[in-house]
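Colleague: Sequence lines, in order, name chains A and B. Using UniProt numbering, read the first sequence as starting at 1 and increasing by one per residue. Using UniProt numbering, read the second sequence as starting at 1 and increasing by one per residue.
Since the hints were derived computationally from the structure, they do not count as laboratory data. Worth double-checking, as some hints may not be accurate.
With a straight-line cut-off of 20 Å between C-alpha atoms, the simulated SDA-like cross-links for lysine to any residue are [said to hold, decoys possible]:
{"no.": "1", "chain 1": "A", "residue 1": "16", "chain 2": "B", "residue 2": "265"}
{"no.": "2", "chain 1": "B", "residue 1": "584", "chain 2": "A", "residue 2": "125"}
{"no.": "3", "chain 1": "B", "residue 1": "859", "chain 2": "B", "residue 2": "667"}
{"no.": "4", "chain 1": "A", "residue 1": "106", "chain 2": "A", "residue 2": "139"}
{"no.": "5", "chain 1": "B", "residue 1": "934", "chain 2": "B", "residue 2": "902"}
{"no.": "6", "chain 1": "A", "residue 1": "106", "chain 2": "A", "residue 2": "86"}
{"no.": "7", "chain 1": "B", "residue 1": "656", "chain 2": "B", "residue 2": "671"}
{"no.": "8", "chain 1": "B", "residue 1": "277", "chain 2": "A", "residue 2": "122"}
{"no.": "9", "chain 1": "B", "residue 1": "584", "chain 2": "A", "residue 2": "139"}
{"no.": "10", "chain 1": "B", "residue 1": "277", "chain 2": "B", "residue 2": "509"}
{"no.": "11", "chain 1": "A", "residue 1": "5", "chain 2": "A", "residue 2": "99"}
{"no.": "12", "chain 1": "B", "residue 1": "859", "chain 2": "B", "residue 2": "874"}
{"no.": "13", "chain 1": "B", "residue 1": "934", "chain 2": "B", "residue 2": "872"}
{"no.": "14", "chain 1": "B", "residue 1": "584", "chain 2": "A", "residue 2": "134"}
{"no.": "15", "chain 1": "A", "residue 1": "5", "chain 2": "B", "residue 2": "682"}
{"no.": "16", "chain 1": "B", "residue 1": "153", "chain 2": "B", "residue 2": "245"}
{"no.": "17", "chain 1": "B", "residue 1": "865", "chain 2": "B", "residue 2": "851"}
{"no.": "18", "chain 1": "B", "residue 1": "584", "chain 2": "A", "residue 2": "160"}
{"no.": "19", "chain 1": "A", "residue 1": "16", "chain 2": "B", "residue 2": "585"}
{"no.": "20", "chain 1": "A", "residue 1": "16", "chain 2": "A", "residue 2": "106"}
{"no.": "21", "chain 1": "A", "residue 1": "5", "chain 2": "B", "residue 2": "754"}
{"no.": "22", "chain 1": "B", "residue 1": "656", "chain 2": "B", "residue 2": "626"}
{"no.": "23", "chain 1": "B", "residue 1": "277", "chain 2": "B", "residue 2": "245"}
{"no.": "24", "chain 1": "B", "residue 1": "509", "chain 2": "B", "residue 2": "115"}
{"no.": "25", "chain 1": "A", "residue 1": "106", "chain 2": "A", "residue 2": "5"}
{"no.": "26", "chain 1": "B", "residue 1": "277", "chain 2": "A", "residue 2": "125"}
{"no.": "27", "chain 1": "A", "residue 1": "5", "chain 2": "B", "residue 2": "781"}
{"no.": "28", "chain 1": "B", "residue 1": "277", "chain 2": "B", "residue 2": "188"}
{"no.": "29", "chain 1": "B", "residue 1": "656", "chain 2": "B", "residue 2": "860"}
{"no.": "30", "chain 1": "B", "residue 1": "584", "chain 2": "A", "residue 2": "5"}
{"no.": "31", "chain 1": "B", "residue 1": "619", "chain 2": "B", "residue 2": "920"}
{"no.": "32", "chain 1": "B", "residue 1": "584", "chain 2": "A", "residue 2": "30"}
{"no.": "33", "chain 1": "B", "residue 1": "670", "chain 2": "B", "residue 2": "682"}
{"no.": "34", "chain 1": "B", "residue 1": "945", "chain 2": "B", "residue 2": "896"}
{"no.": "35", "chain 1": "B", "residue 1": "277", "chain 2": "B", "residue 2": "226"}
{"no.": "36", "chain 1": "B", "residue 1": "277", "chain 2": "A", "residue 2": "121"}
Selected chain A positions facing chain B (Cβ under 8 Å, derived; list incomplete) [to be verified]:
{"no.": "37", "residue": "13"}
{"no.": "38", "residue": "35"}
{"no.": "39", "residue": "164"}
No residue lacks a Cβ here, since even glycine has one placed at the ideal position from N, Cα and C.
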Amino acid sequence: MVNLKTASAFQDVDAKQIGTVTVCPADERVLTLIAPLPGQTPALTEAMEGALGLGFPEPGGVTRAGDIRCVWMGRDQAVLIGSAPLAEWQWPALISDQSDGWAVLKVSGPEAAEVLARSMPINVRAMEGAARTQCGHIPISVSRIGPENYEIMCFRSMAHSLFREIAHSAALLAARRELS
Amino acid sequence: MRVDGKGRIDREAPLTFRFDGHDHTGFEGDTLASALMGDGVRLMGRSFKYHRPRGVMTAGSEEPNALVTTRSGTRSDPNVRATVQELYEGLEARSQNRWPSLGFDLLGMNDLAAPFLGAGFYYKTFMWPRAFWEKLYEPAIRRAAGLGALSGKATDEIYEKAFAFCDVLVIGGGPAGLMAALSAGLAGADVILCDEDAEFGGRLLAEAEQVGDAPAFDWVQDTVARLNSMDNVRLMTRTTVTGAYDQGSFGALERVAHHVADAAGAPLECFWRIAAKRSVLCAGALERPVAFRDNDRPGVMMAGAMRSYLNRWGVAPAKSLAVFGNNDDAHRTARDLAQAGVHVAALIDSRADAPNLAGDVPYFPGHLVTRAYGRRGLEAIQLRRPDGSQFKMHVQGLGVSGGWNPSLHLSCHMNVRPEWRDDIAAFVPRPDAVPGMRVAGSACGQFSTAECLKSGAGAGQEAAQDLGFAASGPQLPDAEDAPYRLRRLWAVEGKGRAWLDFQNDVTVKDVVQAAAENFASVEHMKRYTTQGMAPDQGKSSNMLALAVLADATGRGIPETGTTTFRPPYTPVAIAAMGAGAQGKTYAPERFTTSHDDSLPNIEAGLWYRPSYVPKAGEKTWRESCDREVQMVRSAVGICDVSTLGKIDLQGPDVGKLLDFVYTNTFGSLKPGRARYGLMLREDGFVMDDGTCARLDDNRWLMTSTTAAAGQVMRHLDWVQQAFCPDLALRFTSVTEQWAQFAVAGPKSRELLNDLLDQPISDETFPFMQCGVVSVGGITARLFRISFSGEHAYEIAVPARYGASLFETLVSRAEVLGGGAYGMEALNVMRIEKGHITHAEIHGATTAFDIGFGRMIAAKKDCVGKAMAARPGLIDTAREQLVGLRPVDAGGEAPSGAHLFDAGAEPVRENDQGYVTSTCFSPSLGEVRALGFLKNGPDRHGEVVKLVDHMRGIETRCEVTDPVVFDPEGGRLRG
C-alpha cells in the first residue's frame, strides 16, 4: 500500500523571531467551515451550544469553549477551530472541512500590532475578535487571541506569500528601531 | 557664520560633509542649510528659468531656493530642500540646474535674455515651424529649465507603507499642536501628533521667549515628555501630513532614514494612511516676502527664518545685516540679532508711525527697500526715504517680512476655499472646511504664543468632547501675547524685476503682463505665468501674486481669490506612494502543492503552473511539449489541476440553484455522476464552463476554470442573494482544501489500480462517474472526466497529501512510459479536441457561437436565457467556432490573426473572423487552430485567407470541425 506523507502549508518554514516579534506557523488543527442554512442561525446556535458549549459568532466575533473556538469568517460563515465529531450531528448548516484549505500564522510580541499595521488596512491595534481583510494583497482572516497575539488565516497556496509579507514588515520595523 | 552662544546645536559634535565637492563642517542638530550658512556659504542653487544665483530663503519645508541632490548613484535623491535635510557625518550634496558649476553657470545667460522670456514666452515664441516644437524647442527648454534629476536606474532603497487609526489626529507640533494633543490626550482620546520637523516645538524652537516661567524650549521638552508618558498618545516626528481626504482619512509621509548615512535595512520613507475621527490642524504660518527689485539675491531671506537660524542653529548669513518689514514681528528679528551681538545695520519698517520694538538698532521707519545689489551674494541695498530720495547701504544679509500666511492648505483639500481676514491681511480656513477638522494657532491667524496655546488646548478639548470624552483641559501657561500689527505691503514699486515666485522665476511684471493679456482669473494667471506650480506649490508666493493680480485688475483680494490647494502639501516620492509593491511584494504568489520552482512556470492569474516539464537534453519548449502530448496519447500523463475552482454546495435545494445558474439540467443528476455545464452571464454571453458532480443527495461539487474561479463564486453569491435567498443551501470554496491531479492516457486506469486500495473498472467507474476512493488509507475523491480526450481521471486528496501523491503518481507514470505534463501540452490536447477555454469564451461569445446553443435547456429558465435568445445573438451570420488547418506547407495560424474570404482584400471591411488558439498538433503532425468565422459551421471544407497583420503572416487555411482528434470520443470512453 502506498504511504502518502503530509506536508505543511508553510513547507519548511520555521518560527522566526524578527525584532521583538515572532512569526510562527501554527500547529495543524481541524478547521471546519460552518454556514447555517438560510433562517437557521438560531437553531444552529442552539444545536452548537448543546453539543459544544459555544454559539455561532456575531459578525466580527469569536465564541469559545475550552480549546474550541468559532471564528466569524464572513456573511453567515464561521470557522470552527478544534476537533469535534461534526458529521454525527445533523446541524442545519453547511459543514465543510477546511483543515487543509487555510494556513494559519501566529504573530506575537509587543510590536505585533505595529508589524501588522504595515500590511493591513484595519485597526489591528484596537481590534478584538476577528476580521476579514487583506494582508498585502492576500485575502485573510485575522483574529486577536491575546494582547500581543494575533492569528492570521489565508489560503494555503498563499502561505509563503503571507509569511514573506509579514516577515518583511517585521524586518523593516526592527531595522527602523535600530536607527538613531 | 556661526554666532557664539546661540543655537541648540551640539558644538561638541562636529560633522563633516561635502557640498559640490568641497568639505565643510557643521554640528549635530544642524540642517544642511544651517551648516552651509555656518560655513559662510550663501550661494546654494540656481533658479529654474533664468539660472539666477540663489541662497537659502526659509528655514522650513517651504524652501523654494536651496534645493540640492543628496547621495549618489541609484540612491541619488534630487530636489531635497537643504532646510529640511538633517546633517549627518559624511553627507554628500550637490547643487542642481547649473553647468558647469554653481559659481559659473553658462545658462546664466538666460537671465540676460529675460526680456524675451517673460510670462507665456514659449506660447508665443516657439510656434514656428510647427515640427520644431517636439524635436528642438521642447527638449532644449527642458534641458535649460529644470530641477534635479533621478538616476534613471532602479533603486535598492526600501519604502514602506502603514496604516494608523486614532480618535484625534493633531497636525503640527508647535505650541498649538502640543496643547491640542495634551488636552485631547488628558481627556482619554487616542491621539496621534505629527510634525514634519525632527523635533516638536514648531516656532518655539526658533524663538527667544518664555513660556510659563521657563524658556520656551524647556516647556516644549516638558510637554513632549508628558505626552510620551501617555499610552494613548502616539508621537510622530519627521512626518508631514500631506493630504486630507474623505471620511477622516489623511496621507502622511514619514522621513524615516533621511537623517542617517545608511538606512541599514530600514525604510527610507514610510507613507501612512491615517484614519482619524477628528483632526486638529496646527500647521502654523508661513512668512511671505515683499517684492522689490532683485529681491532674490543670495543673502536676502525671510526675517523669521533669519531669526530661526540665529536662535535654533546659532548661525547668521553674514556679518552685517538689515531687516525690512511691514509688521511688528520683523522687529523681533532685529532685536534678537542685536542682542546676540550680530551687527544690525538697519531695521527698516514701511510703516512711518510704527514704534521701534527692537531696542538699540538703527531704525528707519517709513522707509522702503527698493533694490538689492550683488550677483552671487548680497552686497548692498537701496533704500527710499519717505520723501522719495534714495540711498545705498552696504549689508550682506537682509531679512524681509511681508507678514504671515496661515498654513491652511490641508483645510482646502476637500474643495472649500479659505476666507479673507482684512485685519491680518491673510486668508484663514473656513470652519468645517474638512469635516471633523478644527484649526488652531497660527494656522487660523492666531499668532501670539499665548493665543496658540489657548486655541490649541480648546480645539483638542472640543475634539475629545465630540467623541464623548469628558475633558477639562490642561492649565495654560503664561506666554508672549504681543499683538500682531502690520500694514499691507506686497511689492515695492520701481524699475527692474521684482520676484514673487522664487522657485518658478515669476516676477511682478509677469503677473501684470498676464493680467494685461486678460489672463485675469487667478487660475489663468497661475497657468500662464507658472506661478505656484513648482515643487513648493507657491507656499511663499501665492499670496503676493494674487495681491499683485488684484491690484493689476482693480479687484479686491477676496474677489480675486486663491488658486486651489491640492494634496500633497509637500512633495511625495512616487516610490513612497507605491511602497509595499516592490519586487515580490507586488502581488501574492499562489503555489500548488506540487509547485517546483525549477520548472518553467507561467502565471495563471496569481497561480504558478509549469508550462512544460523538460527532460534532460530537450532544448526547446516544443520538444518537451510534443513529447508530453505523445506520452499522454500513448501511455499516461499527470498534471496538477488543483487551480481549477472547486465549490462545495450543500443543502436540499442545490439542484434548483444549479438548474438556474447552468444552461443545462442538473437537478436530475444521480449521486455519483458528474456532468459538463455551461454558465451564462445575465446578458446572455458565456461566463464559464466546467463539470459539476453530485457527491450525494445533498452535496455537490462544482468546478470552474482557473481563470474564472473568483467570478463564478461571486456569481453564485449574487444569484443566491438576489434571486433565491430562500433556497435551502449554502456553498463555500474548497479550491484550496483539495489537491487534484489529472491522470490521463490509455494507461491511466492501470496506474490508478496499482495505487488505489480498491481497484476500479469500467463497470464501477464509467465515463463521468465520481466517487470516494481510498489511497494508502487516505480518503480521496475520484472523477472520471477528461479534458485531453483520453481515458482519464482526476483524483483529489486533502492538500497536505498533495505533494506526496503527485510525486507518487509521476514516479509510477514514468514506469509506464508516462510522466508529468504542463500547460502547453494540456493546451495542445484540448485544441485537438476542440475544447474551449477563456481564449474562446472571452466575454463576447454566446453559447450559439461555440456550438452549444442547444445546451440551453428549453424546459427551464436559467440566468441569461432570455438575453441569449435575442435575434442578434443567434444569427447564423455571427462568427462561430471552427477548426483551422493551414493548407500551405509550413503555414502558421497564429492567435489574433484575422480571417478573410480567399479572394478578398485583407482589410477591416472584409473581416470574416479571427483565430483564438493555435498549436502544432503532434498527434496529427500539423498546425491546428481554433477560431471564429462568420457562418462557420456551414463552411467546413472551404479555404479562407488568414492574415496576421502584426506579424506579417499570410496563410491559406481550410475550415474544419473544431474537433479534429478522435471525433467519436472512443478513446475517452474506452
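Colleague: All hints are to be evaluated individually against the structure, with a verdict given for each.
Modeller: Verification of the supplied hints:
no., hint, in the structure
1, A:16 with B:265, "holds, 17 Å"
2, B:584 with A:125, "violated, 26 Å"
3, B:859 with B:667, "holds, 12 Å"
4, A:106 with A:139, "holds, 16 Å"
5, B:934 with B:902, "holds, 14 Å"
6, A:106 with A:86, "violated, 26 Å"
7, B:656 with B:671, "holds, 15 Å"
8, B:277 with A:122, "holds, 14 Å"
9, B:584 with A:139, "holds, 16 Å"
10, B:277 with B:509, "violated, 46 Å"
11, A:5 with A:99, "holds, 16 Å"
12, B:859 with B:874, "holds, 19 Å"
13, B:934 with B:872, "holds, 13 Å"
14, B:584 with A:134, "holds, 16 Å"
15, A:5 with B:682, "violated, 45 Å"
16, B:153 with B:245, "violated, 32 Å"
17, B:865 with B:851, "holds, 15 Å"
18, B:584 with A:160, "holds, 11 Å"
19, A:16 with B:585, "holds, 19 Å"
20, A:16 with A:106, "holds, 11 Å"
21, A:5 with B:754, "holds, 18 Å"
22, B:656 with B:626, "violated, 44 Å"
23, B:277 with B:245, "holds, 12 Å"
24, B:509 with B:115, "holds, 10 Å"
25, A:106 with A:5, "violated, 24 Å"
26, B:277 with A:125, "holds, 16 Å"
27, A:5 with B:781, "holds, 17 Å"
28, B:277 with B:188, "holds, 14 Å"
29, B:656 with B:860, "holds, 10 Å"
30, B:584 with A:5, "violated, 30 Å"
31, B:619 with B:920, "holds, 17 Å"
32, B:584 with A:30, "violated, 31 Å"
33, B:670 with B:682, "violated, 28 Å"
34, B:945 with B:896, "holds, 14 Å"
35, B:277 with B:226, "violated, 23 Å"
36, B:277 with A:121, "holds, 16 Å"
37, 13, "violated, 13 Å"
38, 35, "holds, 4 Å"
39, 164, "holds, 6 Å"
When each numbered hint is compared with the structure, violations occur for hints 2, 6, 10, 15, 16, 22, 25, 30, 32, 33, 35, 37.
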